Every structure is written in C-alpha cells, then in structure tokens.
Amino acid sequence: MARHITAPLTKDVTRSLRAGESITLSGTIYTARDAAHKRLCELVAAGKPLPFPIEGAVIYYVGPTPARPGEIIGSAGPTTSYRMDAYAPTLMRLGLLGMIGKGMRGQEVIDAMKETGAVYFGAIGGAGALLSRCVKSAELVCYEDLGAEAIRRLEVEDMPLTVVIDSLGNNLYETGRSAYLEQRQTL
Amino acid sequence: MRELKAELITDAVARLCIEANTRLPEDVKCSIASARQAEDWQAAREILDRIIENYSIGGGIPICQDTGMACVFLEIGQDVHISGDLAKAVDEGVRRGYTDGYLRKSVVRDPLDRVNTGDNTPAMLYTELVPGDKVKITVAPKGFGSENMSRIAMLRPSDGLEGVRKFILESVELAGGNPCPPIVVGVGLGGTFDKCALLAKRALLREVDVPNPNPFYAKLERELLDEINALGIGPQGFGGRTTALAVHIETLPTHIAGLPCAVNINCHVARHAAEVL
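Keeping their order, the protein sequence lines are chains A and B. Quick note, the first sequence lines up with residues 1 to 187 if you use this note's numbering. Quick note, the second sequence lines up with residues 1 to 277 if you use this note's numbering.
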C-alpha cells in the first residue's frame, strides 16, 4: 500500500520521504503555473504578502480544462516543471514544502530542496482525466485574468503521486533508469 | 467546380477539435496496450496501466488538460471552390470547438507580451492543394510539454546516416521524462529548414505502427525504436522499456550542401482526428 500523507505538509514528513516511493496525498493544495509564479515572485520582491499561506504549502503545476456543467474541475494533469525552476527556490525559502509536476528540475531547485526540506512529487503526465477525480473542490484564489493559469485552492483526496526528488537530492529520473538498465543487463 | 461553403469547414473543425481531445485514436490505444504487454519493469507497467485507465474514462472529459494548439491540416481538392473566408472559417471552428467542448485555451497573442487570446485561436493552419473535389480536414491538437522538446539540426551531408541517428537519439535523451513518455517521435529529413520541420510534424499524423512505405526507412524506423527503447528512460522517465511507441520518418529531396533533420516529439496522448467533406 502507498503511504498516505496530508497537505499542508510538515518537515518531519517531507524529510522522511524517499525518491521512488509511491504516496497518496489528501488535503489542501494550490495550483500555479508560469504566469502565476511570475506574479508571486514579483510580490515577494516588492515585500508584499502572498495570496495563500506558503508555510508547508504544496503547489500543483497544473492548468486544468474548464469544468463542465455539474463538475468540480476539468482534466487536471501536471505540466512540465522546469519552467517554474526560476521561481521555485524563492518560494521554498518562504516555506513551500511540496511541488507536484512532471519532468526534470534544475540543480538550483534541487539545492534549494536540500536546504529547505522540500520534496518534488511526480503526477502522471497526460493522465488529466484520471487525476481530476481526486479533486473534491476547487475555488479561485486570485489572478482570474490568467484563465487556466489562475491560482486555485484544491481539496484533493488520495491523489496518486511518486516522490521523484527527495530532500536529500535523490532523483528517481536517475535512479529509476539506472536500476532498470542494470536489471536489463543481467537478463 | 464543386462549391463548398466555408461554414461547413467551421462545423467540421469544431467537431474534430472536440473529438480529438476527448477520444484517443484506436491506433494509439492499440500501441499503448501492446507496449504494456511487452514492458518488463514493474514500476513502468503500473504507470502504463494508469495511462490506459485514463484514456478509457471517456464521457467527454479531455484526456489531457493540455488540449494544445489546434494544428489544422487541409488537403483541398483543386476542383473545389470554397465560398467564404477559409482562414476565418477555420478559426471560428477552433473557437467554437474549444468553447463548446470545455477545452483549455492555451494560446497567447504575442510570444513576449503573453496575453491569452481567450478562445485558443488562431489555429496553426496548413493548406495543401491536391487533385480531386474533396476537402480533407485533419485536426491534431499539440501539447507543448512535448513540443518544447523538439529540435532541428542542419547537419552536413558527411554526417550521413550516423549523424541522423545520433541527433535523433540525442534529442530523445535530452527530452528525458519531460515530454510525457511513452512518446511518438516524428522525424523530418531533407527539404529546406522550414519544410523539414513541417515533415516532422506531418510524420506525427501517420497512424502509429504504420511504417514508412520505403523499406530502407521502415527498417531505420524499427532500428531507431529499438535503440530508443534500450535507453531505459521509460514511461514518465521513471525507468523502463517503453520510452517510445513509434518512430515515423518522412523525407524530401534536399540541396547538395545540406542534410536538414528535425525531430518533433509527441506525448502518449497522440491526438489526431480527420474528416472528408
């Protein structure tokens, strides 16, 4: 069974997670992509407060499709994370503990994760219909003008995730691939 | 000369935008299912199972939230006269499809000021004149997780087959887990800089697992697929056999001084839908 954790996170939890581990996540998370991250970092630079509590927060890199009538949210899978690399360290230093996305991260992000205890989770890219079923409520927080890129507060239940990079810097993109290739050689 | 009202093209484009984004083509489904059977790594099998579960949900929800830029290919018979403004008719179809289908609007009006156009227009429109009196419309929504991992190189003729092979493998390697593997690799070889990129995009429209009709290139496609699936990147980049579902190569004659090579990567949600009017 996958370990179950709850957002917002604590450092005790994030420091204990290891790359390659499957988890399920419940609780409150926030959506933000490129344009929202740019605005968040402009607020930080101007010394202004952020629009949601960043301490222990989990940000999901997602721009969902519009909810159809009677639905909570549309298709809601992860976007490629490296585009947020320029902004993520600033947010981690303010208390961000979890990021959900897909794809590789830069060294400056991994260094900031080691420094702050944050964790990078992978959701399955392209599985937006499946992931939307984990979302139990979605509420606009700010930046409505950004459309799909607005910041939303999501309540999620049992969202299936993989720890991709842990707070020690272990990286599943490297270890998963080398484990597979090692096994393949022994065949 | 056959008359065709532009409004009919609008209706078809709107239908195809919704269909392509909510129903994965059978050829792609079959290819993913057989990759699942061939996968020899447990973690990778679990991811492929989730991918299959995702595209099986149906009911009109988009398979992926990145419903893409609407790439619209029109093959227009020379004996058809379209009454009305064709480009406007196509954009109206995209506007309607993306609005009525609750698809995501992912287009900004300018690459630098980045203001969303709000209706996913304009379409990326390609027109081609062909014999006959029909119009074939293909809509291939293209997500940018994979588009961003695409590359082009103006290789030297002396680089030859080995240079081409190296550039393709290097492109897949650099992309890693970013483009949502398992991927489909579209390759353009030859032509000019611009035609080569278009060849790579058109290569993605071919049904998955249909080989190039030229036996030399069909063999090269198979070899490259094996080499890519020996890289170990695997589904989502977490390790495994299934890095790519197919490699499609399309070629054109080129200049004595050149060997253009373009790699356009598509994710496992390799969408395309077509209709003939």
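To be clear, the hints were calculated from the coordinates, so they are not data collected in a lab. Nothing here was measured: the structure is a model prediction, and the numbers come from that model. Note that CB positions come from ideal geometry on N, CA and C, so glycine has one too. Incorrect hints may appear among the rest.
As the list claims (entries may be wrong) - Going by beta-carbon spacing under 7 Å, a handful of chain A positions derived as facing chain B:
no.: 1; residue: A2
no.: 2; residue: R68
no.: 3; residue: G70
no.: 4; residue: G74
no.: 5; residue: G125
Handout entry: Agreement of hint G74 of chain A with chain B interface, Cβ distance less than 7 Å
Key = Check passed: Cβ of G74 of chain A comes within 6 Å of chain B, closer than 7 Å.
Practice task
Tell me if A2 of chain A is really an interface residue toward chain B, meaning its C-beta lies closer than 7 Å to one of theirs.
Solution key: violated (11 Å)
Problem - Proposed interface contact between R68 of chain A and chain B, which counts if any beta carbon pair is under 7 Å - result: Cβ of R68 of chain A sits 5 Å from chain B, so the hint holds.
Problem - G125 of chain A as an interface hint toward chain B, with CB separation required under 7 Å - result: holds (4 Å)
Problem - Supplied contact hint for G70 of chain A, tested at 7 Å Cβ to chain B - result: Violated. Min distance 11 Å.
Violated hints, in rising order: 1 and 3; the structure is consistent with all others.
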